[in-house]
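Each chain sits in its own coordinate frame; assemble them with the hints.
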Amino acid sequence: MDPDPKKSKVLTSNLPNSNGSSHPHSPFPDEVLEKVLSLIDSHKDRNSVSLVCKDWYNAERWTRSNLFIGNCYSVSPEIVARRFTKIKSVTLKGKPRFSDFNMLPRDWGANVHSWMVTFAKAYPFLEELRLKRMRVSDQSMELLAKSFPHFRALSLSSCDGFTDDGLKAITTHCGNLTELDIQDSVTADIGGGWLSCFPENFSSLEILNFSSLSSEVSFEALERLVSRCRSLRVLKVNDIITLDQLQRLLVHAPLLTELGTGSFLQELTPRQYEDIESAFGNCKNLRVLSGLWDATSFYIPVLYGACSGLTFLNMSDTVLQSGELAKLLAHCPNLRRLWVTDSVGDKGLEAVGSSCPLLEELRVFPADPYDLDHRHGVTELGFLAVSRGCRKLRYVLYFCRRMTNAAVVTIVQNCPDFTHFRLCIMNPRQPDYLTNEPMDEAFGAVAKTCTKLQRLSVSGLLTDTTFEYIGKYAKNLETLSVAFAGSSDRGMQCVLEGCPKLRKLEIRDCPFGNAALLSGLKKYEMMRSLWMSACNLTMKGCRLLAREMPRLNVEVIKDEGSDEIQADKVYVYRSVAGPRQDAPPIVLTL
Amino acid sequence: MEKNGLGSLETELRLGLPGGGGEVEIKNEKKRGFSDCYGGGENKNQVVGWPPVAAYRRKNVFNGGKMYVKVSMDGAPFLRKVDLSMHKGYSELVKALEELFGCYGIGEALKDEEDKCEYVPIYEDKDGDWMLLGDVPWQMFTESCKRLRIMKRADANGMGLHAKDLLKGLSKED
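Chains as they are written, first to last, in the UniProt record's numbering: chain H, 1 to 590; chain F, 1 to 174.
Chain F with its partners taken away, still in its complex shape (with noise of 0.2 angstroms):
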């Protein structure tokens, strides 16, 4: 497992998110977020609340606290701002994001072979480079976003964008 700022299954104490008794405000769901992530849900070593850095300290780069980045949408007239560190793949973000903007489609493109859905969500990266959403393993896209887009799918083609692609970098998340 590679090594990275979120701590390694290696350790013996495990350091866990001030979120890592969960954000608790959706779902009731206990334990979410990094600790989860990293498959670190059953390991009774992980350490809440600690360090003791307030929830509401938010920090540009990822750091285990929360991680918002700002989504747009082509056609939207209001950006959006989504909490990467709430939701533990890809499936779940996509679902955020079809809620935060009423369209429905997005997840269907993740799914299907075909073409259907008539959007494409893509990330700028720390590089600056737009990024098809599902490349990349889940922990290594909250490391490396910074924005999201939800862009039309006729621009995407453009751009030589496929289902495909989509469908086998969503394999990766489990």
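This is chain H alone, in the form it adopts within the complex (with noise of 0.2 angstroms):
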């Protein structure tokens, strides 16, 4: 190969459209580069390959089919449809992730809309858009059904905005959809005559997700068309469907390999019983369960039969108890992924150990979280012993009322491997219940031995020790969520300047301020985002930031009853298309 893109790549690297215009010695033609770089699917090659020249910064946006987004505020759909135009499928994340915790005002922003009427325009051939976070209308949908012929598939995860109407005009107009994917959906009650409008000769759909959608939907129509969509093989249901209705869905589609329950709470005859017992057993290829909302131990056997191949299963849904879960992780040795309650206890946890040897994620939710009593969940004793069990243990969420520092250290010298630790001790700032100690040897543990590790979560008491390791052994990480720690401005300096990867740090109620703030000036446009809020900052110091750097958006939310100087919770990004003009009233922008 031609030796001479390479040195042009050393020269012109981090230039774009400098004197990396037309190559003399262009190596080969447009065409051959272009097929070269269609090959690429990596969207973080394809930004390092379009930095390498003109022509190659070119030759990589002619190709580009798929669009990644990570902050729909940091590029506008203008600037979008003119570097690109060939998009097939597109990904956009709006709000930031302490939306889910509902501290952000309704009307934050992050609308589809603007988008979906440039995509209209430039890319008639979308066949894929997939939302997070962000608000989708029914006029924004009645939009995407009528404007893109070929699409395919549609994927929600925690948007808002939408109701049936919306939909009913996606169900009813894109005739090739294969894939109709809600998670997480925050909507209320928005009614289900959706389902009825797939046309009667439609058959496409391969996967489809209702599972967090409240409505009833018509059992005859669904059940209509899973029996016509013979490649359907994710179905996703909602706690509406019974399990008596599930067992027909089963029946007609046995080859599923993902599948979410509705209810599982029925008072079944025993032939009823039999019959979903057998339907469970025909689903072989089944790799992923979840639902199973209100089950209990008499109800759980039922699954057995479909578990052997299971790699997934999501019981976050469900209040089970240790023994039940016990007996059935004995039926699912294939487990990679697991997801429950806390009410599992560290009992359950002792069985997830000794039962799932190949485990790589665990997530543990609060069943119930303002439990003052602390009676009920897990403890370290549980984490522990998932972590002698299943050493291939690299992703963990875990919602405890108790920890100490030896135990960390010892769970991360038996799985090293933790890319994703995010540790959530509900008490704000609790320290090692058994030496009083901060947590700060916990999560230097953490950083010293993962070395992989890209996201961390910490909780407890922390001084700015705990920071100060994250700054010195964190080279890996990506995301930090920090809540109710650290003691001084130092504590974030010393990520600021430690973490070279660092691009999305959200901290809250954090004795971090202004000084802490201005530390990361050069940083946060190599950043995706930065959250801070319930901290020490002020308006002053938000101002100041923003005047230094005009390519950041500073954003400002004031609580109610709040002074002229506090800044309450500030919302920091790196945008080529200027601050938004869709905010409302309550988010200053500085």
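Just so you know, not all the hints are guaranteed correct.
[Unchecked claim] Okay, derived cross-link-like pairs now, DSSO-like style, lysine-lysine, Cα gap no bigger than 27 angstroms in a straight line: (1) F/95 x F/146; (2) F/88 x H/558; (3) F/152 x F/70; (4) F/81 x H/132; (5) H/523 x H/558; (6) H/475 x H/504.
[As the list claims (entries may be wrong)] Not close to chain H: a few residues of chain F, all C-beta gaps over 10 angstroms, as computed: (7) 88; (8) 89; (9) 92; (10) 103; (11) 122; (12) 124; (13) 127; (14) 149.
Hint data in this document are derived by calculation from the structure and do not stem from the laboratory.
Where is the CB? At the ideal position from N, CA and C, for every residue including glycine.
Structure, rendered in structure tokens:
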């Protein structure tokens, strides 16, 4: 291969459109370059490619078909449409993650409509749209349904703003639809008529997920739909669907690879029980199982026949006891991912440790987050037990009410390959319950031992020492979530100075002030975003940041009853589109 | 004040709901839901959004998050669902039910002494018993209600329920 392109890359890297104009010794014609580049899928690689020289920039933009925009406000629809001309698939994310915890006003923004309008004009061949934490109105859905004749896949994760009417437009008009995946919806009961609007000859559906919509759909329409969509492999229904209805669906679709059941609580006759048991037994391809609302020890055994191939079991919508979990896990030897609620207790987690040697991911959610009696849930013992038996663990989300430094040190020694470590000790600022010391050593051990760590959430009583450790050791860290922690500005400074790959930093209720905020001036342009709420920031500090860094958007939301000086909620993100025009009055753009 | 899973007034650090900032979807009211139910609306110690359990993460048992229960109405073809955590008391709930089914009599029954309304709202509690709406304090109701039914008064009378009882229960709510 001609070495010249590499040379020009060294000279012109990080300088898009600089003297990297048409290379005089262009080693191959555009078509070849484009052909080669069209084989590159990773958007990170593509972004790197586009920086080599102008030829490569153009070849890349003409061949990109998948668009990933991690923050919808970092760029405008117009800029995107000008640069990329052949987009078939778009992933767009909107609100900051803390909106999941109701920390943003309802009309904060991230409305997809302006994007939809632009896409309708620029990308008539659009096939896929994946949205996360965006507001999607019925109007947008109608525009979608009418504008893209080749449209195949719609995925909405934590989105709101739409009703039955919007979904009806999709199901009525998108004749080639293969995927309709609605996850973690926060809408109220929007109505279930949309399911009945799939035309009678429509049969292309492969993925259908409406588990988080609380509306009643017509079971007859659903049954007909499932029976004629022979390629259906993912079906996740909501809890309106009963067990015996589920049985009828399974009879039509035994080849499902992913199933989200409906309600698991129903009085069944012995015959019905046998039928559902045998229906599950026929599901030989099942890899993912979820739903299971109200499942009890009497009904869980009907699942056993479908569990041998399961790799992901999501029991986080069920309040399961330890014994029930243990018996179920005995049938799931191939489990890689497990989500449960803490009702299973440490005892249940012991069963996880002994039954799931291949486990890579564990999430333990609190069944009752406000149980102040501390009588229920899991402790450091359960986590330890899992770490002893599941050495391949790399992703953990663990809500607990007590923890010790020693336990965490042991846990990461057992499982050094963590890439995602999210520990939530639910009482803010709680120390090591045995020694009464801060939990600094625990997270220090995580940072030091888990060299591949990409995501970390810390909790408990933490001093600046924790952040010194993180800054010193967590060289691959990309996402950090901090709450009720730290002693001074120094904590945040250590992280900003020390973590080269940091992209998302979200902080709440920490004693970090303007000095800490401003120490990251240069860094924020290399990050996707920074969130700070209930810290010690002032309007003055935020204005200074905004003035010094014009390519950052600095948005402040003031709480009710707050004085003129405090900046209660601050959201900082890089953008080439300038300040956004759609911010509601409560969001101040500095 | 009775101790319950949502926290008592005696504790210093109040743990609010993820929804403590308000289910602002409806009527732009802030700090609705349980924070107000427990008179904690004015307490600045309430911690919004903590523990960080996402609002969409519905749970079966009452946990301070969304509390959807099914509602059936005699004569209506479809079930609906209401989120009990979005309402502060019985009168709000009844109003929501009226809007959901387009039946504007349910509330009347709870106001008048006479049996004017054609319908009576009842609910099934944790023990599987059918109870008249309004008998117990609101928070106890939300903890124990598994589903609602708007029953025809004609059927209700046969079970010996009276408007007087409805009124009595309702006066307990503030």
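Right, here's what the structure says about each hint:
{"no.": "1", "hint": "F/95 x F/146", "in the structure": "holds (19 angstroms)"}
{"no.": "2", "hint": "F/88 x H/558", "in the structure": "holds (26 angstroms)"}
{"no.": "3", "hint": "F/152 x F/70", "in the structure": "holds (17 angstroms)"}
{"no.": "4", "hint": "F/81 x H/132", "in the structure": "holds (25 angstroms)"}
{"no.": "5", "hint": "H/523 x H/558", "in the structure": "holds (25 angstroms)"}
{"no.": "6", "hint": "H/475 x H/504", "in the structure": "holds (14 angstroms)"}
{"no.": "7", "hint": "88", "in the structure": "holds (17 angstroms)"}
{"no.": "8", "hint": "89", "in the structure": "holds (19 angstroms)"}
{"no.": "9", "hint": "92", "in the structure": "holds (14 angstroms)"}
{"no.": "10", "hint": "103", "in the structure": "holds (16 angstroms)"}
{"no.": "11", "hint": "122", "in the structure": "holds (20 angstroms)"}
{"no.": "12", "hint": "124", "in the structure": "holds (13 angstroms)"}
{"no.": "13", "hint": "127", "in the structure": "holds (15 angstroms)"}
{"no.": "14", "hint": "149", "in the structure": "holds (15 angstroms)"}
Taken one by one, the earlier hints all hold for this structure without exception.
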